[in-house]
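One line per chain: the protein sequences are A and B, in this order.
55 is the number that our numbering gives to position 55 of the first sequence; each next residue is one higher, with no gaps.
To get our numbering, take the position in the second sequence, counting from 1, and add 1000.
Think of the hints as simulated: they come from the structure by calculation, not from any bench.
Please note that the accuracy of each hint is not assured.
Unchecked claim - Derived DSSO-like pairs (lysine-lysine); straight-line CA-CA distance at most 30 Å:
{"#": "1", "chain 1": "A", "residue 1": "43", "chain 2": "B", "residue 2": "1130"}
{"#": "2", "chain 1": "B", "residue 1": "1130", "chain 2": "A", "residue 2": "48"}
{"#": "3", "chain 1": "A", "residue 1": "48", "chain 2": "A", "residue 2": "115"}
{"#": "4", "chain 1": "A", "residue 1": "36", "chain 2": "B", "residue 2": "1121"}
{"#": "5", "chain 1": "B", "residue 1": "1130", "chain 2": "B", "residue 2": "1038"}
{"#": "6", "chain 1": "B", "residue 1": "1045", "chain 2": "A", "residue 2": "115"}
{"#": "7", "chain 1": "B", "residue 1": "1045", "chain 2": "B", "residue 2": "1121"}
{"#": "8", "chain 1": "A", "residue 1": "43", "chain 2": "A", "residue 2": "115"}
{"#": "9", "chain 1": "B", "residue 1": "1051", "chain 2": "A", "residue 2": "116"}
{"#": "10", "chain 1": "B", "residue 1": "1038", "chain 2": "A", "residue 2": "48"}
{"#": "11", "chain 1": "B", "residue 1": "1038", "chain 2": "B", "residue 2": "1121"}
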Amino acid sequence: MAATLELYFRWGHFLAGIMWIGLLYFFNFVQVPFLKSVTPEAKGEAFKHLVPRALFFFRYSALATWLFGFFILGVRGIVLEAFTLQGPAAVIGMGAWLGTIMLANVWLIIWPNQKKVLGLVAATPEEKPKAARMAFLASRTNTMLSIPMLFFMAASGHAPATFFGG
Amino acid sequence: MVSETIIPLLFRWIHFVAGVAWIGLLYYFNLVQVSFMKETDPATKSGVILKLLPRALWWFRYSALVTVLSGMALMMAGGIRNTAIMIGATLGLIMFLNVWLIIWPNQKVVIRMTGDATATKTPAPPEMAKHARRAYLASRTNFFLSFPMLLFMGASAHFPQF
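Just chain A, with the same shape it has in the complex (with noise of 0.2 Å):
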């Protein structure tokens, strides 16, 4: 039962990690060289029907992949081992903080300064560039976050405790 429990909460896991690090990489790799290239037109077409989109995809799939992982270390009954970094449970530990850190730039950073971007939230002429400039590091850091956080999601699953000194 529980084994079958761990196994949909994986699958979810997966589809809603994948939509959320690959939406990342498609804004970090294709959509900021894309903005960079068009005309200011299309670029309103794009603030106006692609951005706000995929930033929904984006910020729910995070929060999605983030509960499905909570719940399999819940299944497993190590949340507190993980998040204290405690034994064989460290591995996964060191993913689920670098995922929670991601996940707080996403609804903290990212999301918040993007509305402004795309003036859903009012903003001044001044205070845009500057939105625009905190979400990009913010999304930026992320991409960079997501390959050692791979790393350990890669790991914990599968590398021995003992490779790991646990």
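Dock chain B against the given chain A, drawing on the hints supplied.
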């Protein structure tokens, strides 16, 4: 120890990063770009086909290649043999062939025809819709195949009894 744990771990890490980029871009195409292209004006649409799509498709098809290669290396190095991974790998391979044999060749034609039409300021030839449709259907197919594929990928390493 190196061959038993570190080598498979490195392959799995590469497999995760490349797989996230590949299927993540697939989700972008299906959940974000398709709706955007329906809503926007023809000029922006051409701009997206000429300036966004080539870059997105470059990451898409090469991350698909790296995902498949690192996956095969992982199966060999890790000695992974079970029903779940066989089903998952088969689904992944079908998706990979869809990318390289249907989506990319047809999208190349769409990009070329859009480029010609923009340069000569003439409407795109009617065959372009046929190529766009084929690429779209293969992309939709991959979108739906990704769900069972990921179930079996997750099951293979953790629940090999399946």
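Evaluated hints:
At most 30 Å may separate the alpha-carbon atoms for a hinted pair to count; residue 43 of chain A and residue 1130 of chain B meet this at roughly 28 Å. Proposed proximity of residue 1130 of chain B and residue 48 of chain A is supported: the alpha carbons are some 29 Å apart, at most 30 Å. Taking the CA atoms of residue 48 of chain A and residue 115 of chain A, the gap is near 12 Å; set against the 30 Å cutoff, the hint holds. Among the hinted pairs, residue 36 of chain A with residue 1121 of chain B is consistent with the structure: their alpha-carbon atoms are about 24 Å apart, no more than 30 Å.
For a cut-off of 30 Å, the pair hint linking residue 1130 of chain B to residue 1038 of chain B stands: about 16 Å separates their Cα positions. As the CA atoms of residue 1045 of chain B and residue 115 of chain A are separated by approximately 24 Å, the hinted pair is consistent with the 30 Å bound. Note on residue 1045 of chain B and residue 1121 of chain B: the hinted pairing holds, with a Cα-Cα distance of about 15 Å set against a maximum of 30 Å. The straight-line distance between the Cα atoms of residue 43 of chain A and residue 115 of chain A is roughly 16 Å, inside the 30 Å bound, and the hint therefore holds.
The hinted pair formed by residue 1051 of chain B and residue 116 of chain A meets the criterion: a straight-line CA distance of about 26 Å does not exceed 30 Å. Under the criterion of a C-alpha separation no larger than 30 Å, the hint pairing residue 1038 of chain B with residue 48 of chain A is consistent with the structure, at around 13 Å. For the suggested pair residue 1038 of chain B and residue 1121 of chain B, the alpha carbons sit about 21 Å apart, so the restraint of at most 30 Å is met.
Comparing the model with each numbered hint stated earlier shows that all of them hold.
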